[in-house]
Amino acid sequence: MTTATNLWPQDIGETPPDRTPAVVLREQADLLGGLTDGAVLADVEESAGDGDRLRATFLLVVPALRYRYAHFSVSYAPQGYPAAVHWTGGDYPVGDEPGLMLVLSNILRSEPTRRLVATLKQRALDAGKAA
Amino acid sequence: VSAVLFWNLDLGEASTSAASRARSLGDVVASVVASDHVDVLVFAEATADVVAGIATQATRGRRTLHLHQEHYGGKLWFASTHPSSAWTTIEESPRASARELRTEGAPPLLLVAAHLPSKLHSSAESQHEDALALAQLVRSAERACGHRRTVLFGDLNMDPFEPGIVGARSLHGVMDRSLAREEHRTVGNERYDYFYNPMWSLLGDRSSGPPGTYFVRRSEAVAYFWHSFDQVLFRPDLLDDLPLDPVRIVTRAGEHALLTPRGRPNATGYSDHLPLLFCTTTHSGDTQ
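Quick mapping for you: the protein sequence lines, in order, are chains A and B. Under the working numbering, the first sequence has 23 at position 23, and the numbering climbs by one with no breaks. Under the working numbering, the second sequence has 171 at position 40, and the numbering climbs by one with no breaks.
Keep in mind the hints are simulated off the structure, nothing from the lab. C-beta atoms are modelled at their ideal positions from N, C-alpha and C, and glycine is treated no differently. Please note that the accuracy of each hint is not assured.
Unchecked claim - Computed from the model, here is a short list of chain B residues facing chain A with C-beta under 8 angstroms:
(1) S215
(2) W218
(3) E222
(4) H259
(5) L263
(6) L268
Please model the complete structure; the sequences and the hints are all you need to start from.
The following block contains the structure:
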């Protein structure tokens, strides 16, 4: 009787699962409140996309105004990738997490995003003064 | 709300005739505001200066118009006879703005205006994505408001029969008012609320107005010529108060004919889109 050759890797089941685009977005969303003194927050809303795809929407939230702005969204396959970022300038396909991080970085550092967050922060502060 | 006017003014950056058309557009709007008791106006492809000018012209017609908070996406402009205090901006995106209007003696109304990307720059798949995003914004705004007295309107750059307008996961607009009254249906274990889309009744040349709101002649094999890219859809919660013909495509305002002698939108004199005039209750102004 022969002993079966073990083809399984030693660390099977220990490889961390791929992070979905929603998880990556949420990580960035959690950072915004600390950068705006809590005046402007970010949130991620997950929903069904086209066909079997999923969608994560990145929202800017101004609690003082009860206002939300759907800034951009990512549609993605159930396993995470390929994904596509939908922003006002167009659609940006990404094949993996580093690709998504690059597009996210471009969006979050862009002039429209900086201007939008600054405007919303000012409006939140104005609302706070008026209250 | 008596009546709402939506118009894509075609004053985008590429427009070379914007300056010469702005005055005429203002005259048309002032005329419609006065004759049809319009109290909410929403424009797409406009500029802040032109909208301010229109408000001034319309005010001379004795209906004072207030300009409202800018849309952060920069695609939509709101003006109304109601003061800004009556409006709350609930949720926006680069292509849409959801605002709740609360007026004395009337139930609140959620007005969601949108200007989705053109077919010139967007594939059918991308347009569907945009429709899904818009549907999500509508649902989110309705949750925030706590009601579904919602009117969705604008230049959707899709026809009423396209998947982005009809699909359950997208806008779920149906042509049949009685079907819409069933409020929702279940697809794949998920509940999806209907919109009633009266634009179906305005398609083709046996309708009471022009066959659509936008005309384009293409050389490709499949060409519709007329399109109803500009649409208004109503949630079932509004249907009890909705007149039989809640929407009209405006083709004439005072001395201004918005169609050429051949019956096409007069793009050189006014806009390549025709305006939509609609109401939300039977107690409102006559849109006929």
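Right, here's what the structure says about each hint:
| no. | hint | result |
| --- | --- | --- |
| 1 | S215 | violated, 13 angstroms |
| 2 | W218 | violated, 12 angstroms |
| 3 | E222 | holds, 4 angstroms |
| 4 | H259 | holds, 6 angstroms |
| 5 | L263 | holds, 6 angstroms |
| 6 | L268 | holds, 6 angstroms |
When the structure is compared with the earlier hints, violations turn up for hints 1 and 2 and for no others.
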